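*Asks:* The task is simple: from the sequences and hints, build the whole structure.
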Amino acid sequence: MYVLGIDIGSTASKAVAMTMDKKIYAKAVVSHGTGAIGPKQVYEKILSESKLEKSELKRILVTGYGRFVFDDADSQKSEISCHAKGVLYLSPDVRTIIDIGGQDVKAILLNDKGMITNFVMNDKCAAGTGRFLDNMAKVLNVKTHELGALSEHATEVVNISNTCTVFAESEVISQLSKNVSVENLIAGIHQSVAKRVSSLVYRNGIVKEVALSGGVALNKGVVKALSEALKLEIIVHEDCQFSGALGAALFALEEIGQK
Amino acid sequence: MKKIETLLDRFAFVANKPSAVMKVYLEEGKKIVGCFPVYTPQPLITASGMIPMGIWGGQITPTVAGKYNPIFTCSIMRSCLEYGMTGVYKGMSAVMMPMLCDTFRGMSSSWRAGVKEIPLIAFIHPQNRLDSGALDFMIEEYKSVLKRLEALSGVQVTNASLNAAIDLYNRKNAVMQTFNEVANDHLDIITPTVRHHVMKSATFLEVSETIQLVGELIALLKAQPIHKWTGHKLILTGITAEPEALLSLFEENKIAVVGDDLAQESRQYRTAYPAGEMAFERLASQWLNIKGCSMAYEEDSQSRGKMLVDMAKKQDADCIAVCLMRFCDVEEYDYPYISKATENAGLYSLCLEIDQSTQDNGQSRTKIQSYAEMAASLV
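These protein sequences, in sequence, are chains Z and U.
First residue of the first sequence? That's 1 in the numbering used here, and the numbers climb one at a time after it.
First residue of the second sequence? That's 1 in the numbering used here, and the numbers climb one at a time after it.
No lab work stands behind these hints, which were simulated from the structure alone.
Incorrect hints may appear among the rest.
As the list claims (entries may be wrong) - Now the stretches of chain U that chain Z is said to cover, found in silico as 3 or more residues with beta-carbon under 8 Å: (1) 347-358; (2) 363-375.
Claimed, not checked - The list that follows gives simulated cross-link-like pairs (lysine-lysine, DSS-like), each with its CA atoms no further than 30 Å apart: (3) U/Lys233 <-> Z/Lys113; (4) Z/Lys143 <-> Z/Lys195; (5) U/Lys340 <-> U/Lys254; (6) Z/Lys231 <-> U/Lys340; (7) U/Lys222 <-> U/Lys2; (8) U/Lys147 <-> U/Lys291; (9) U/Lys313 <-> Z/Lys113; (10) Z/Lys208 <-> U/Lys340; (11) U/Lys254 <-> Z/Lys113; (12) Z/Lys113 <-> U/Lys340; (13) U/Lys340 <-> Z/Lys195; (14) Z/Lys40 <-> Z/Lys54; (15) U/Lys233 <-> U/Lys3; (16) U/Lys222 <-> U/Lys314; (17) U/Lys147 <-> U/Lys31; (18) U/Lys30 <-> U/Lys143; (19) Z/Lys23 <-> Z/Lys45; (20) U/Lys143 <-> U/Lys291; (21) U/Lys228 <-> U/Lys3; (22) U/Lys254 <-> Z/Lys58.
Claimed, not checked - Label pairs and their calculated CB-CB ranges: (23) U/Thr61 <-> Z/Asn118: 28 to 36 Å; (24) Z/Lys231 <-> U/Trp229: 42 to 50 Å; (25) Z/Asp123 <-> U/Gly346: 20 to 28 Å; (26) Z/Lys208 <-> U/Glu140: 58 to 66 Å; (27) U/Pro274 <-> Z/Glu209: 55 to 63 Å; (28) U/Gly49 <-> Z/Met115: 57 to 65 Å.
Here the structure is a predicted model, which means the values were calculated and not measured.
Glycine included, each C-beta is placed from N, C-alpha and C at the ideal position.
*Replies:* Right under this line is the structure:
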């Protein structure tokens, strides 16, 4: 038997199937978040790729922005609890988690027992989130997943506002009209995200080790800028994008008594 | 229990349909003065024979208000202006507006330009409240307000009639405070939403009706067995904790509200008018005595944080939730102090963004659920 954790975010859906002895059996991600398509696709994808039958899933726990609209869910947990659980599974020494998702940024503090002691989230504003990077990528006519690699070729970092996505977009367009290189602009965009996120992290407090989770953690340019802004090393696990779904699967195990 | 339900239905109706309440008052031939938030001298209105009704805007996306108020104005002011410009407040004899923050200064011009048929009575609270001239200043402001009210109502207010009105408001304040205490013994009945209905309806109903109805509710609650609440308990602070969908998130997560410092709710009922013979002095002195409010300057910037921590400890709450009105400068200034005080006291701190122009509570849902999960895991 297995359990399934699904993380339905605003821009992507992730799923992790886990064995009863806490081993990752399968994982899947689709680039559609909450709504009719994403949750269905990620569910079908993990079942087909892992050859699992629905009947083999003892419990399904859902987290993320779309956690309350998944029909087959047995229960739901907040993404803050699930990210904390998932990151600790991947990197047990972590005490501060920064999760940059599609529309939310969260900073989570854990105690030495791995329990959440405090957290903060961003306001209703896209600045500093994955959505901000998506918008900027569109303006620069590149793919979001290319941003990290492109920023490695920057020769300088252009100053971009972190007050508002719309203002920042105007600034980028203005800089493009001055023939500023795309690479330098991307480095500026990453720095803009890092400054915005780091102010939230400072508000919550920092205890080492610090890990970044969520899809944006795959962007090396953001990781570098955030590391510089916080003046410390940031752990990024290769499965960082799955930490929410992983945490959901671990909670599902707990709920059926498999501690 | 049926009597309690009937009363609670009445509070819910009044809180959600103040325009229907206003219609009844107008049909009874009563005159109404709208009161912008907060600390309007309502005894002056009552003594003038008119009814003060709170103006709290509503959960709408304003359109015409944008002509005068930019998008980054606090959403209460924008929705109030929208209602004023679209006739929702039609029938009010005047609106009273205290200049308690910078937004109000612009808002007073916006109202005069956009809502010509409802006269504006604007006045200023002195912020240097320790200054020896503060009391005289406040008295003169209130006398100026009273002249406008007397002209509208045709009623001459005397020292005795104003003292009687002030006494009535002290009774209202006392009854609201008693409700707060008694409600905490019946958190199964007085859910966060129900509590909000009782508090908010008191801003719309005639003062005597509030005293009577809330008094009846208190008596009925006292007759019920005390309920032992096993869920989480928190304190709310901020300007408002709306919409109701936000409060239902507390209920979904078995969280009770056991105290509040909301400007729309308890904050306006916790400072009594002092005893005395000179009515204007009593009225004005109340402003000088207000503590722990973002709109009333205090030299001790920690005052509100300390007050909230004390309130939480007294009510056995483990969390202080700051309902931060978007674009409200005065509340933003207080937030770091409250947050620090909460943290130092070992309590959980939640910051929930309040914006009347959106119905989306997605982030608040995550924050509230996370708090409940976090608190449960640490028990």
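*Asks:* Hint by hint, say whether it matches the structure.
*Replies:* To see whether the hints hold, each was checked on the structure:
Interface restraint, the segment 347-358 of chain U with chain Z: holds (6 residues with C-beta to C-beta distance below 8 Å; minimum three). Only residues whose beta carbon comes within less than 8 Å of a beta carbon in chain Z count, and the segment 363-375 of chain U has 7; three or more means the coverage holds. Simply put, U/Lys233 and Z/Lys113 have alpha-carbon atoms about 24 Å apart, close enough for the 30 Å limit, and the pair holds. Distance restraint check for Z/Lys143 and Z/Lys195: the Cα-Cα separation of roughly 22 Å lies within the 30 Å cut-off, and the hinted pair is therefore satisfied.
Distance hint between U/Lys340 and U/Lys254 is fulfilled; the C-alpha atoms sit about 26 Å from each other, no more than 30 Å. Restraint check for Z/Lys231 and U/Lys340: the C-alpha separation of about 24 Å stays at or below 30 Å, so the hint holds. For the given pair, U/Lys222 sits about 15 Å from U/Lys2 by alpha-carbon distance, which is consistent with the 30 Å threshold. Of the pairs offered as hints, the one joining U/Lys147 and U/Lys291 holds, with about 29 Å between alpha carbons and a cut-off of 30 Å not exceeded.
At roughly 26 Å between alpha-carbon atoms, U/Lys313 and Z/Lys113 fall within 30 Å of each other, so this suggested pair holds. Using a Cα cut-off of 30 Å, the hinted pair Z/Lys208 and U/Lys340 holds, with the two alpha carbons roughly 21 Å apart. Of the pairs offered as hints, the one joining U/Lys254 and Z/Lys113 holds, with about 25 Å between alpha carbons and a cut-off of 30 Å not exceeded. In summary, the hint linking Z/Lys113 to U/Lys340 is supported, as the alpha carbons are separated by about 24 Å, within the 30 Å threshold.
Of the supplied pair hints, the one linking U/Lys340 and Z/Lys195 holds, its CA atoms being roughly 22 Å apart against a limit of 30 Å. Our distance criterion of 30 Å between C-alpha atoms is met by Z/Lys40 and Z/Lys54, whose separation comes to about 13 Å. Between U/Lys233 and U/Lys3 the alpha-carbon distance is near 27 Å, which keeps this suggested pair within the 30 Å criterion. With a C-alpha separation of about 20 Å, the suggested pair U/Lys222 and U/Lys314 falls inside the 30 Å cut-off, and the hint holds.
Restraint check: the Cα-Cα separation between U/Lys147 and U/Lys31 comes to about 16 Å, which is no more than 30 Å; the hinted pair holds. A C-alpha spacing of about 23 Å is found between U/Lys30 and U/Lys143, which places the hinted pair at or below 30 Å, so the restraint holds. Note on Z/Lys23 and Z/Lys45: the hinted pairing holds, with a Cα-Cα distance of about 19 Å set against a maximum of 30 Å. With a C-alpha separation of about 24 Å, the suggested pair U/Lys143 and U/Lys291 falls inside the 30 Å cut-off, and the hint holds.
Restraint check: the Cα-Cα separation between U/Lys228 and U/Lys3 comes to about 22 Å, which is no more than 30 Å; the hinted pair holds. In summary, the hint linking U/Lys254 to Z/Lys58 is supported, as the alpha carbons are separated by about 27 Å, within the 30 Å threshold. U/Thr61 and Z/Asn118 have their C-beta atoms about 34 Å apart, which keeps the hinted 28 to 36 Å range intact. The given range of 42 to 50 Å is respected by Z/Lys231 and U/Trp229, whose C-beta atoms sit roughly 45 Å from each other.
A hinted range of 20 to 28 Å holds for the C-beta pair Z/Asp123 and U/Gly346, which are about 26 Å apart. Taken as a hint, the range 58 to 66 Å holds for the pair Z/Lys208 and U/Glu140, whose Cβ atoms sit roughly 59 Å apart. Distance hint check: the CB atoms of U/Pro274 and Z/Glu209 are about 57 Å apart, consistent with the given range 55 to 63 Å. The given range of 57 to 65 Å is respected by U/Gly49 and Z/Met115, whose C-beta atoms sit roughly 60 Å from each other.
Every hint, counting from the list given before, is met by this structure.
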